Amino acid sequence: MDENQMVKIIDVMLAATNTFTRANELLARARAGQPVTDADIDALIADSDAKRSAFDEAAGNG
Amino acid sequence: MKRAINFYRQFFVAMCMVFALQACVTTPETPREAVAVAEIGYQEALDTATRWANEGRLDDGEKRQLTEAFDAYEGARNTARTAITAHDVIKNGGTLADLDLATITRLLGVSQQDLEAAEAAGQLVQLLAGKADSNASAVSLALINLRTILAEVE
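For the record, the sequence lines run as chains A and B. So for the first sequence, our numbering puts the first residue at 1; every next one is plus one. So for the second sequence, our numbering puts the first residue at 1; every next one is plus one.
Calculated directly from the structure, the hints in this document are not laboratory data. The structure presented is a predicted model; accordingly, all values stated were derived computationally and were not measured. Misleading hints may appear alongside valid ones.
These stretches of chain B come out as covered by chain A in the derived footprint (C-beta under 8 Å, 3 or more residues) [as the list claims (entries may be wrong)]: (1) 27 to 36; (2) 53 to 61; (3) 66 to 76.
Backbone N, C-alpha and C define an ideal beta-carbon position, used for all residues, glycine too.
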């Protein structure tokens, strides 16, 4: 296994940890009486769209 | 080719660990919670892939595969959201006539590929929720209704 693959595996695990942490925060709020709404999802998708644009630019996608 | 296969085998093993971790601890109980959790995971995947691209760690084939995977996810997510909206209407005794124009437009634009991806996402939602008969199955129920609606329209 080369250095590039090692970095990628570590990065995926870090992304998993971040996902786990953020998801638990969101679900904890939901259990505390603040349910996930369409507006929350719209805000998340707006963030995702910006991140997708950054990926497309970095990957050279037209 | 062998290098690419090795990379994706390791990637999928890592992703399986992610799903196992989520299944053990994170348990969305509603379709909207599941969509939100999936979106968080998508954002983290995008951040990671963008960093790899900027650091020159992706070859052209990997960039293309990641782009296709992200496109597939977005199609599944959009279909799931539409299905949740349609399900809410139908669950409350509504019909196709009660759906707003934007929802109907999205329903008509749903491809078979998106339906299949969303169906798989619905099954994943049930797995994450840890119970097939929970509210999480609303996504799958909505997809059944969605198929019925599309058949009527066709």
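Comparing the hints with the structure gives:
Residue count for the segment 27 to 36 of chain B with a Cβ under 8 Å from a Cβ of chain A: 8. That meets the three needed, and the coverage hint holds. Only residues whose beta carbon comes within less than 8 Å of a beta carbon in chain A count, and the segment 53 to 61 of chain B has 4; three or more means the coverage holds. Judged by the Cβ-Cβ criterion of 8 Å, the segment 66 to 76 of chain B is covered by chain A as claimed, because 4 of its residues qualify and three suffice.
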